[in-house]
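For the protein sequence lines, the chains are L and D, in the order given.
Quick note: the first sequence uses our numbering, first residue 383, plus one each step.
Quick note: the second sequence uses our numbering, first residue 383, plus one each step.
There may be inaccurate statements among the hints.
One copy or two, either will do: identical chains are not told apart, so a pair holds if it fits within one copy or between any two.
With a Cα cut of at most 20 Å, we get these calculated DMTMM-like pairs of lysine to aspartate or glutamate [what the hints assert, rightly or not]: (1) K420 <-> D499; (2) K676 <-> E538; (3) K607 <-> D555; (4) K678 <-> D552; (5) K676 <-> D453; (6) K678 <-> D453.
Don't read these hints as lab results, they were simulated from the structure.
2 protein chains.
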Amino acid sequence: MFEVLETDGQARRGRLQLPHGSVETPVFQPCGTYGTVKGMTPVELTRAGTQMLLGNTFHLMLRPGDQQIRDLGGLHNFMGWSGPILTDSGGFQVFSLGDLRKLDEQGVVFKSPVNGDKVQLTPESSIQVQGNLGSDVVMVLDECTAHPAAPKQAEESMLLSMRWARRCRDAFDRGREESVNPGAKLFGIVQGGMYENLRQVSLEGLLEIGFDGYAIGGLSVGESKEDMDRVLSALLPLMPGGSPRYLMGVGTPQDLVRGVALGVDMFDCVMPTRNGRNGYLFSHSGVVKIRNAKHKNSQRPIDDRCECYTCKNFTRAYLHHLDRCGEMLGAMLMTHHNLHYYHKLMAQLREAIETGTFRTLTRSLFNDWNNNDESV
Amino acid sequence: MFEVLETDGQARRGRLQLPHGSVETPVFQPCGTYGTVKGMTPVELTRAGTQMLLGNTFHLMLRPGDQQIRDLGGLHNFMGWSGPILTDSGGFQVFSLGDLRKLDEQGVVFKSPVNGDKVQLTPESSIQVQGNLGSDVVMVLDECTAHPAAPKQAEESMLLSMRWARRCRDAFDRGREESVNPGAKLFGIVQGGMYENLRQVSLEGLLEIGFDGYAIGGLSVGESKEDMDRVLSALLPLMPGGSPRYLMGVGTPQDLVRGVALGVDMFDCVMPTRNGRNGYLFSHSGVVKIRNAKHKNSQRPIDDRCECYTCKNFTRAYLHHLDRCGEMLGAMLMTHHNLHYYHKLMAQLREAIETGTFRTLTRSLFNDWNNNDESV
């Protein structure tokens with residue numbers, strides 16, 4: 383199901399085989415919250431370089447409902463996306479609800495932000511919902527450990543996630559035949575906060591249960607870059623070489639490069655899409671904030687090295703204008719650019735690993751970002 | 383510049399030669415208010431069948447400003463649209479401001495809804511702004527006659543528009559060389575409210591001045607279908623056969639068919655785009671209101687006879703869901719469908735005129751609309 387084709391240092395060039403196709407790794411997955419990557423048609427996603435995307439269980443179970451999506455043939459059919467889909471467990475969004483949710487051993491109960499109904503999410507129901515969606519990669523339900531957390535608190539949270547991971551594994555195996563996508567894979571999630579020893583315990587527990595892939599959760603939650611690097615540096619060498627490694631909710635282009643350098647294979651983040659809609663644009667020379675008045679008359683594209691539809695056809699002045707007028711087309715074109723930028727970056731990293739030039743490439747990328755950053 | 387290739391009854395199949403290309407008529411022009419047809423890239427517009435579009439002088443002179451668009455190479459360059467563009471005079475939007483504007487012989491002064499500045503629009507400044515935008519077809523500034531209007535009021539308004547039309551002609555001829563698009567054409571606008579005799583006087587005055595094309599203004603302002611048909615039926619036979627005839631701000635698919643039957647060559651309207659964004663969708667069997675709960679689980683496309691990207695790939699259930707979640711993609715896909723529907727309708731009408739089957743086609747169209755209307 384997963385094959386490492388080439389390595390360069392710890393960086394891995396791999397291929398992930400899933401029911402809806404194979405994915406070249408390292409890969410970045412855009413977020414398709416409500417069954418759509420905001421402002422992008424499936425054709426445009428493919429054109430921007432998307433191989434695989436993420437669907438949000440929490441959102442989709444509330445609207446339009448996972449049973450309805452099942453009745454309509456699963457999420458792929460529903461949204462017209464024929465490539466692989468990974469779904470999160472719904473847990474992360476539930477925990478973001480704060481006071482609106484109540485957690486116990488069984489699971490978590492929350493008040494629907496859509497209609498106020500009480501909704502329960504358990505390891506078993508999360509797996510069932512994801513089975514109804516028909517995703518290719520199903521994630522276990524975990525508790526996203528608070529940050530900062532004392533060692534005891536981080537440990538208890540990690541252990542709860544471990545018991546839930548076991549229940550998810552069982553529910554997944556029991557329910558496989560009734561799933562919309564019986565060939566789906568199940569990934570476990572390493573927790574343990576910022577404590578390397580807890581991360582190790584978490585990983586060992588998950589390995590004992592056995593999963594198709596291993597994700598790293600609970601990072602990009604407000605910790606310093608140093609903390610993230612420290613945890614990743616300690617954890618990644620312990621992770622099994624033959625399974626895909628997925629760093630959840632990460633991150634900036636710089637985070638992606640650092641993650642790949644340490645051996646991460648998969649990423650997802652709302653950053654390119656959300657920031658794109660808000661005129662915060664990635665380029666080889668750093669960030670371009672399109673709302674800045676200096677772009678009002680600029681005839682330059684966002685990034686003169688970029689080959690995307692937006693950069694080939696539109697000026698910063700035009701995007702500045704569209705953004706100022708609140709025109710949908712601005713969000714569409716800027717999302718397209720940011721996704722193209724992320725996917726192109728991953729393609730460059732993949733190629734560099736294949737040709738043994740990973741360090742040269744990363745030095746050159748950071749050099750460009752640091753020396754030309756337009757956002758400063 | 384304009385050639386009638388074929389006729390069938392009063393319906394005309396023509397070709398309009400403009401600096402940015404030739405246009406097959408009868409043609410429908412979508413509205414690109416702020417330098418974008420909302421939710422559509424230029425490539426998508428072409429894919430939906432758009433030949434020519436309309437830009438709004440009023441909006442563009444306020445944001446980003448016509449001088450800026452001129453500095454950036456004109457509206458075509460600015461928005462990345464290489465086909466023909468027609469611009470309105472700005473008058474219609476100014477008159478919609480109600481108490482915020484003041485009219486006299488010289489022109490109209492209004493308070494900018496963007497920043498509160500006092501802005502003046504005169505026949506001369508409207509022509510200059512349109513010259514800065516670089517449109518292919520420039521419209522004269524006219525006063526949109528109130529509706530309903532007493533004969534005296536309608537006559538005075540029409541006569542003011544006539545004096546302004548003269549000044550527009552002069553300003554256009556004087557300023558041609560400084561325009562971004564020196565090959566642009568100038569259209570006059572027939573006014574006169576619901577009074578056939580005033581319409582005739584207006585047309586004769588415009589013919590005396592001489593324009594490249596003749597538009598019919600002041601319809602689709604709340605009058606009955608019978609009033610519209612009566613005015614058009616009286617006016618169109620008087621219009622010169624060798625010049626294009628443009629019915630402004632019209633209309634529904636039924637209005638387009640009736641207009642073409644009477645000899646109209648050009649139309650524009652916000653209806654397909656605005657209604658598309660609001661889930662009001664045109665189909666061969668009438669209107670589909672996507673917000674209706676009955677579409678929640680429908681696996682049908684909007685229109686099973688439609689070949690557009692939306693109908694080929696997405697169900698009503700999915701569009702209903704996107705609309706309910708306020709997802710941009712819903713507006714994009716539904717706008718695409720409605721524009722495709724309008725352009726396809728015009729293509730069918732053009733073909734029917736060529737083959738002498740116009741009456742057969744219109745009977746069949748109305749039969750489908752009336753007998754299957756899903757909106758009732």
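How the hints compare with the structure:
1. K420 <-> D499: neither (26 Å within a copy, 36 Å between copies)
2. K676 <-> E538: Cα proximity of K676 and E538: none, with 51 Å in one copy and 48 Å across.
3. K607 <-> D555: neither (37 Å within a copy, 65 Å between copies)
4. K678 <-> D552: Answer is neither; intra-copy 57 Å and inter-copy 33 Å both fail.
5. K676 <-> D453: Answer is between; shortest inter-copy Cα gap is 15 Å, intra-copy 51 Å.
6. K678 <-> D453: So K678 and D453 pass the 20 Å test across copies only (11 Å; inside, 49 Å).
When each numbered hint is compared with the structure, violations occur for hints 1, 2, 3 and 4.
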